[in-house]
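*Asks:* Sequence:
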Amino acid sequence: MSKIDFHSHILSGIDDGARNLDTSLNMHQMARQQEVDFMLATPHFYASQDRIDTFLKRRDEAMILFRNAVNATDEAEPLLIAGAEVAFFDGISKARDIEKLTIEGTNLMLLEMPFEVWNAGYIKEVEYLMRERNLKILIAHLDRFLLIPGNKRWIKELLDLPVSVQINADAFDSWLHTKQLVKLFKEGKAHVLGSDCHGAHHRVPNLNEGRAVLEKKAGRELLKRIDRQGEELLAEVLR
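Numbering-wise, this note's numbering puts 185 at position 185 of the sequence shown, and it's gapless, one number per residue.
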């Protein structure tokens, strides 16, 4: 089975992640040392700041630059898969061309919910994306939204939908939070891990950090399930 980092900002010069190509290559090497097989390159997309077509042009140029540099090193793994971390916005479910922001070769979208107390409208928009736009939704770093007071009800409603959930590998920072996150994985309400890495010296690729905690608290079988679920989410592109 493949070890997959479902959330990274490894591409340079496109968002607040890697600031240059050398940083990208250092991050790639760190992930390789952790025996990561695939990384999703998911730069931020903010509809209030960018157009889908211009964002994709910049992302694809950054991917070509990165892949050319990696090919020159003969150290291809982990392989990068292009995507985006799409920030939720009002009207996202009906936005033109929103499906172009899915992970390449799939209909899977990494969606970042708002950093505020949600409401019924937000949940309906996510539901519409899946039902009417035929998208699979992967909620980015749910662990961060669990900490927002007043959000418990809306998180429960979101998890009642057939969404998939990504947890950050560095989220297991306290006994109480770890217990909550391990429970989500055991109950099948959390599915995959991501490093959400932004650099080589801060917010670094650290997938094994989260995997080690989960293995200690829940056993190796849970890690196998996470890897299997990751492969299923990317089945179209991993064939």
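It is worth saying that the hints were derived from the structure and are not from the lab. Built from N, CA and C at the ideal position, the CB exists for glycine as well. One or more hints might be untrue.
Cβ pair distances, simulated, as ranges [what the hints assert, rightly or not]:
#, residue 1, residue 2, range
1, A212, E99, 31 to 41 Å
2, P114, R58, 16 to 26 Å
3, D74, G188, 38 to 48 Å
4, P162, L222, 15 to 25 Å
5, A212, E187, 18 to 28 Å
6, A212, N134, 30 to 40 Å
7, E221, D97, 21 to 31 Å
8, K124, Q29, 24 to 34 Å
9, E187, M1, 29 to 39 Å
10, G121, A69, 40 to 50 Å
11, Q49, A218, 36 to 46 Å
No more than 25 Å apart at the CA atoms, straight line, and that leaves these computed lysine to aspartate or glutamate pairs for DMTMM-like [unchecked claim]:
#, residue 1, residue 2
12, K3, E157
13, K216, D90
14, K189, D173
15, K217, E35
16, K136, D90
17, K156, E187
18, K136, E157
19, K179, E125
20, K57, E35
21, K100, E61
*Asks:* Name the hints, by number, that the structure is in violation of.
*Replies:* 7, 8, 9, 12, 13, 19 and 20
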